[in-house]
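One letter stands for each residue in the lines below.
Number of protein chains: 2
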Amino acid sequence: MPLDLSLNLATVRRQWKLLEAVAAAVRHGFGGVAPWREMVDETGIAEAARIFQGSGLRVTGYCRGGLFAAGGAEKFREAVDDNKRMIDEAAAIGAECIVVIGGGLAPGSRDLPAARALFADGLAAVLPHARAAGVALALEPMHPMYAADRGCITTIKEMLDIADALGNDGVGIAVDTYHVWWDPELAPQLARAGTRIIAHHICDWLVPTKHLLTDRGMMGDGVIDFRAIRRMVEEAGYRGIQEVEIFSEEWWSRPGDEVLATAVERFRAVCMPEDGGRRTVD
Amino acid sequence: MPLDLSLNLATVRRQWKLLEAVAAAVRHGFGGVAPWREMVDETGIAEAARIFQGSGLRVTGYCRGGLFAAGGAEKFREAVDDNKRMIDEAAAIGAECIVVIGGGLAPGSRDLPAARALFADGLAAVLPHARAAGVALALEPMHPMYAADRGCITTIKEMLDIADALGNDGVGIAVDTYHVWWDPELAPQLARAGTRIIAHHICDWLVPTKHLLTDRGMMGDGVIDFRAIRRMVEEAGYRGIQEVEIFSEEWWSRPGDEVLATAVERFRAVCMPEDGGRRTVD
Chain A
0 MPLDLSLNLA TVRRQWKLLE AVAAAVRHGF GGVAPWREMV DETGIAEAAR IFQGSGLRVT
60 GYCRGGLFAA GGAEKFREAV DDNKRMIDEA AAIGAECIVV IGGGLAPGSR DLPAARALFA
120 DGLAAVLPHA RAAGVALALE PMHPMYAADR GCITTIKEML DIADALGNDG VGIAVDTYHV
180 WWDPELAPQL ARAGTRIIAH HICDWLVPTK HLLTDRGMMG DGVIDFRAIR RMVEEAGYRG
240 IQEVEIFSEE WWSRPGDEVL ATAVERFRAV CMPEDGGRRT VD
Chain B
0 MPLDLSLNLA TVRRQWKLLE AVAAAVRHGF GGVAPWREMV DETGIAEAAR IFQGSGLRVT
60 GYCRGGLFAA GGAEKFREAV DDNKRMIDEA AAIGAECIVV IGGGLAPGSR DLPAARALFA
120 DGLAAVLPHA RAAGVALALE PMHPMYAADR GCITTIKEML DIADALGNDG VGIAVDTYHV
180 WWDPELAPQL ARAGTRIIAH HICDWLVPTK HLLTDRGMMG DGVIDFRAIR RMVEEAGYRG
240 IQEVEIFSEE WWSRPGDEVL ATAVERFRAV CMPEDGGRRT VD
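Protein sequence lines, in the order shown, are assigned to chains A and B.
Per numbering that gives the first Met the number 0, the first sequence starts with residue 0, numbered consecutively.
Per numbering that gives the first Met the number 0, the second sequence starts with residue 0, numbered consecutively.
With the rest of the complex left out, here is chain A (with noise of 0.2 angstroms):
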C-alpha cells in the first residue's frame, strides 16, 4: 500500500527529469506526485501522460496557474488563455487540480488591491472552463513575502472569500503550511474551508530563513507544527494524502534518492495525524 504522501516534483527538479523522478516516487513508496508545467512541456504532454500512468501513482496536483496580474491588464487575455491551455493539459495527464496562486503586481505597480481584483476576474473568466474539463483550482495563498512578487492573495480567508463568490463549484483551497503557519486566523479559516481543502503541502520553516525562495525546510528541521496543522485540517473533513514540496538550494544539492528517504521517514515521524500509522489513500 502507497503512502498518502505524493511528491511534488519541484523538490528533485535539480536531480531528476520526470521519467526518472516519477521512477523514484514508486520506489519509495509514495503515492502520488505533483509535476509542473515545465518538467511536462519537456517530455511532452502524451508522454508525461503515458509516465503517471504506467506508474500507478495519483497526480495530486498540476504546477501552476492563475497569475493573472503579472502582465498587467493588458496581458490578462493572454494569462486567461494559458489557463485554459493548462486545464486541458491537466486533463489529459489525469491531474486532479491544478494549483493556482494570486501571482504579483503588474509591472511597474504598487497597486496590490488591483492585482486581487485582476486575480479573481481571471478565475471567474476559466472557472467555466476548468468546470467543463473535470479539473478542479485548488486556490493556494501564499506567504505574504511573496506579495509583491508571486502571489497577491496571502491568506486563507481571502482565498474562500473568492471561492464563496464563484459560488465554490470547481474551486477549493490548497493549504501549504510553509504559507499559511503563521496566520493567527488559521484555525477559524480552515473550519470554515470544511471540504474546500482539496490539496495539503507540506514544508517546514527554517530559522534562519537565508533566502526567499530557496531556504524553505523539510519537515522537522523548522518550526511548523505539522501536527497541529493537520489535526486542523482533519477536522475541517480533508483526510486525504499530503503532497511535500520543497524549494532548496540545500535538498536540491543532495542525491534524490537521499532526499525522497528523509521526506518519507519526517513524513512518518512529524505528519503524520495522532491516531497513527499509515491509512488508506483515499
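Where hints are given, some of them may not hold.
Said to hold, decoys possible - Quick list of in silico lysine-lysine cross-link-like pairs, DSS-like style, CA-CA up to 27 angstroms:
#1 83(B) to 156(B)
#2 16(A) to 74(A)
#3 16(B) to 156(A)
#4 209(A) to 209(B)
#5 16(A) to 83(A)
#6 83(B) to 16(B)
Unchecked claim - Which chain A residues face chain B? A few, computed with CB under 8 angstroms, are given here:
#7 25
#8 104
#9 143
#10 147
#11 148
#12 154
#13 157
#14 161
#15 165
#16 167
#17 181
#18 183
#19 207
#20 211
#21 213
Everything labelled a hint here was simulated from the structure, so no lab data went into it.
Where is the CB? At the ideal position from N, CA and C, for every residue including glycine.
Given chain A, put chain B in place with the hints provided.
Relative to chain A, chain B alone:
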C-alpha cells in the same frame, strides 16, 4: 520649521554614534529621532537625555520592548522586569513611546499560540508601570516572515484585539509600512485603530528582497504605495510625524549624509499626503 519626519537611528547605525546621528538629524531638518537601546546604553542614559534635549528634536520612539516569549516561560519574569527598566529609560530620555514587538517562539518551541499568549501576559504585566511613567506602548505587528524569531504578532487586528483586552489606556499601535503593506485587512483595521495609531514608520519593500532582515528599501525604490497608506492613517485620525527606519546593508554602506538627504527627498516625493507640502509638527 522641521519636517514631519523622524529618523530612526538604526537607519544609520553603522555610520554614526548617538551624538553624531542626532546632530545629522538636526542638520537635515528632521523633526525627531528614535533611538535604539544599544546606542543609548553606549552613551549612558543621562548623557543621551542631554543630547536629545539639547537638539530640540522630539524623541518619537525608543526601540524596542516586548519579546516576552523569547526566553520561554521560565525567563518571562526577567523579560517583564527588563521591559520595566526600559520604560524608566524611555521616561528619562523623554521618549514619547516604546516600540513593542511580539518576539519569537520560545527556544525549541513550535507553539505560536503560546508565544502570542505570553506576549499578551507580558503586556498586561508591564502596562501599569508604563501608565505610571507616562510612556505609551506602541504595539508593532511585524511582517509574517518574522513570526518565528522576532514578531509572533503579525497583524494590526491582533494588536488591536490585545489593546482592547487591556482597556486601550496607555497602549497604541505602531504602523510600519514594511510590516503591514501586504495585509488584506489593512484599510479596515487602520480605520478601526483610529486615534490608537501613535507611530507611523516608513520603509519600502524591494523586489527582489535579497535578505529577510537587512534588505529593506528606501521609500520609492520598492512597491509600497506610501501615499495610499498615509491616506488611510490620516483618515483614521493620525496626522502626526512619520519615522523612517531602514535596515539595509546597502544604505548602511553609504555616507550617512547621503542617506539622510535621500530619505528627506523621498519623504517629500512619495510619502507626503496629497494635500501637499510641509505641515506643522503636532
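Hints and how they fare:
no.: 1; hint: 83(B) to 156(B); verdict: holds (25 angstroms)
no.: 2; hint: 16(A) to 74(A); verdict: violated (31 angstroms)
no.: 3; hint: 16(B) to 156(A); verdict: violated (45 angstroms)
no.: 4; hint: 209(A) to 209(B); verdict: holds (9 angstroms)
no.: 5; hint: 16(A) to 83(A); verdict: holds (25 angstroms)
no.: 6; hint: 83(B) to 16(B); verdict: holds (25 angstroms)
no.: 7; hint: 25; verdict: violated (32 angstroms)
no.: 8; hint: 104; verdict: holds (6 angstroms)
no.: 9; hint: 143; verdict: holds (4 angstroms)
no.: 10; hint: 147; verdict: holds (5 angstroms)
no.: 11; hint: 148; verdict: holds (5 angstroms)
no.: 12; hint: 154; verdict: holds (6 angstroms)
no.: 13; hint: 157; verdict: holds (5 angstroms)
no.: 14; hint: 161; verdict: violated (11 angstroms)
no.: 15; hint: 165; verdict: violated (17 angstroms)
no.: 16; hint: 167; verdict: violated (20 angstroms)
no.: 17; hint: 181; verdict: holds (4 angstroms)
no.: 18; hint: 183; verdict: holds (5 angstroms)
no.: 19; hint: 207; verdict: holds (7 angstroms)
no.: 20; hint: 211; verdict: holds (6 angstroms)
no.: 21; hint: 213; verdict: violated (12 angstroms)
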